[in-house]
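*Asks:* Sequences and hints are given; from them, build the entire structure.
There are 2 protein chains.
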Amino acid sequence: MENAIQRLKDIITTANLWEQELVLKRDTYIKDANTIDTHLYFLEEGSVRVYFTEDAKEHIVYFGYKGSLVSAIDSFLTDTTSKLCIKTIKKTTVKVISKKQFLAFIQKEKEIVTLWQHVLSQLLVMQIDREKTLLLDAPTSRYQHVLDTHPMLFQKIPHRYIASYLRMTPETLSRIQKS
Amino acid sequence: MENAIQRLKDIITTANLWEQELVLKRDTYIKDANTIDTHLYFLEEGSVRVYFTEDAKEHIVYFGYKGSLVSAIDSFLTDTTSKLCIKTIKKTTVKVISKKQFLAFIQKEKEIVTLWQHVLSQLLVMQIDREKTLLLDAPTSRYQHVLDTHPMLFQKIPHRYIASYLRMTPETLSRIQKS
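Protein chains in written order, with my numbering: chain A, 373 to 551; chain B, 373 to 551.
Treat the hints loosely; a few may be bogus.
No copy labels: a pair is met if it fits in one copy or bridges any two.
Calculated pairs, SDA-like style, for lysine to any residue (alpha carbon to alpha carbon, straight line, at most 25 Å) [to be verified]: (1) Lys480 <-> Asn375; (2) Lys504 <-> Thr400; (3) Lys381 <-> Leu487; (4) Lys480 <-> His490; (5) Lys462 <-> Val422; (6) Lys480 <-> Val491; (7) Lys504 <-> Asp399; (8) Lys459 <-> Glu391; (9) Lys397 <-> Lys429; (10) Lys381 <-> Asn406; (11) Lys528 <-> Asp451; (12) Lys472 <-> Asp501; (13) Lys462 <-> Glu417; (14) Lys467 <-> Gly418; (15) Lys397 <-> Lys462; (16) Lys472 <-> Ile461; (17) Lys482 <-> His517; (18) Lys482 <-> Gln549; (19) Lys482 <-> Thr450.
Hints were generated in silico from the structure; no laboratory data involved.
*Replies:* Following this line, the structure appears as structure tokens:
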């Protein structure tokens with residue numbers, strides 16, 4: 373299950389199904405709020421944040437960096453508009469496949485739909501873990517949990533964004549990291 | 373996608389793959405903390421809550437009632453122990469299938485693995501929605517969102533559990549409902 377995303381990327385590459393490769397400047401929207409996401413994005417380089425805005429406050433729900441598969445997945449799976457935005461954090465290169473192409477492709481063989489099932493399982497486990505993190509009341513517990521499970525995040529993503537993801541101020545994160 | 377769980381139940385029934393049907397008293401553990409969940413449970417009657425305990429506080433993450441598919445899904449998908457517990461809220465009847473049987477079954481045909489892919493997609497969309505709800509700061513917003521998306525919950529589940537799920541006291545929930 374671990375490398376399901378990488379394997380999925382490889383077979384899409386072998387099948388020559390990437391529709392485009394985009395090189396995007398920092399702070400560029402890949403998907404804006406209240407639109408339908410009809411694509412999957414595979415990150416070759418760079419980093420992005422997935423978030424929604426409520427009462428002028430940004431809530432980060434997900435980060436993508438090299439090797440990540442990103443989409444406003446709620447919108448992608450249901451074909452409905454979604455509040456989720458995807459925005460680059462720095463210069464970012466993504467490979468893009470449309471849902472239409474992707475669905476036709478995974479239906480071809482049992483092995484491919486099984487691979488997609490593994491990717492969905494992986495995303496679901498991550499989301500359940502995310503819920504557990506959010507329910508931890510103590511900021512130190514939330515920090516420790518994400519450090520244990522996603523140590524790479526702290527090397528890949530600016531800490532002010534990680535602070536938002538952990539529901540704390542950058543000052544609190546900095547204080548916890550020093551203690 | 374809507375009725376994927378019901379369709380999955382029906383084909384397991386047709387294939388005669390349910391291993392047991394359990395009738396459980398209220399407040400009975402279906403799955404305890406720090407164990408591996410090797411089964412899927414389909415709820416025929418009754419209701420359950422899925423939760424974990426942290427610093428002696430119970431955090432509810434999911435409810436199941438008639439027609440729900442329940443498992444400590446993080447544990448089920450990864451074969452690792454999980455903090456999640458499943459406990460009956462009232463007298464509950466569940467049909468049970470083991471992971472081993474289930475995986476062998478879904479691998480048989482592309483249509484069945486596709487159906488499971490739909491169920492996983494549905495669970496993932498629910499989890500993303502759950503994250504959005506938890507990130508809403510105002511208790512009234514969390515209440516309104518869950519009332520809009522899961523109105524049945526308020527008929528099926530005692531309100532003190534819903535209050536916990538919404539991260540508020542029963543008194544706050546009661547006040548919001550009256551206003």
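*Asks:* Against this structure, judge whether each hint is valid.
*Replies:* Results for each hint:
1. In the homo-oligomer, the alpha carbons of Lys480 and Asn375 lie at most 25 Å apart both inside one protomer (21 Å) and across protomers (23 Å), since each shortest distance falls under that limit.
2. Taking the closest pair of Cα atoms, Lys504 and Thr400 come within 25 Å of each other only across two copies (23 Å); inside a single copy the shortest separation is 31 Å, beyond that limit.
3. With identical chains, the CA atoms of Lys381 and Leu487 are at most 25 Å apart both within one copy (11 Å) and between copies (23 Å).
4. For the identical chains of this complex, Lys480 and His490 are neighbours both inside a copy (16 Å) and across copies (16 Å), given an alpha-carbon limit of 25 Å.
5. Proximity of Lys462 and Val422 under a CA criterion of 25 Å is satisfied intra-copy only: 13 Å inside one chain copy versus 39 Å between copies.
6. In the homo-oligomer, the alpha carbons of Lys480 and Val491 lie at most 25 Å apart both inside one protomer (17 Å) and across protomers (19 Å), since each shortest distance falls under that limit.
7. Only between protomers do Lys504 and Asp399 lie at most 25 Å apart by alpha-carbon distance; the minimum there is 22 Å, versus 29 Å within a single protomer.
8. With identical chains, the CA atoms of Lys459 and Glu391 are at most 25 Å apart within one copy only, with a shortest distance of 20 Å there and 47 Å across copies.
9. In this assembly of identical chains, the alpha carbons of Lys397 and Lys429 lie at most 25 Å apart only when taken from the same copy (23 Å versus 45 Å across copies).
10. For the identical chains of this complex, Lys381 and Asn406 are neighbours neither inside a copy (27 Å) nor across copies (34 Å), given an alpha-carbon limit of 25 Å.
11. In this homomeric assembly, Lys528 and Asp451 never come within 25 Å of each other (Cα to Cα): the closest approach is 31 Å inside a single copy and 29 Å across copies.
12. Within a single copy, Lys472 and Asp501 get their C-alpha atoms only as close as 30 Å, which misses the 25 Å cut-off; across copies the closest is 24 Å, which meets it.
13. Proximity of Lys462 and Glu417 under a CA criterion of 25 Å is satisfied intra-copy only: 9 Å inside one chain copy versus 51 Å between copies.
14. In this assembly of identical chains, the alpha carbons of Lys467 and Gly418 lie at most 25 Å apart only when taken from the same copy (12 Å versus 47 Å across copies).
15. Taking the shortest alpha-carbon separations for Lys397 and Lys462, only the intra-copy value of 7 Å comes in at or below 25 Å, while the best inter-copy value is 55 Å.
16. Taking the closest pair of Cα atoms, Lys472 and Ile461 never come within 25 Å of each other, the shortest separation being 28 Å inside a single copy and 42 Å across copies.
17. In this homomeric assembly, Lys482 and His517 never come within 25 Å of each other (Cα to Cα): the closest approach is 36 Å inside a single copy and 37 Å across copies.
18. In the homo-oligomer, the alpha carbons of Lys482 and Gln549 never lie at most 25 Å apart, since the shortest distance is 46 Å inside one protomer and 48 Å across protomers.
19. Both within a single protomer and between protomers do Lys482 and Thr450 lie at most 25 Å apart by alpha-carbon distance, with minima of 22 Å and 21 Å respectively.
Of the numbered hints given earlier, the model fails hints 10, 11, 16, 17, 18; all others are met.
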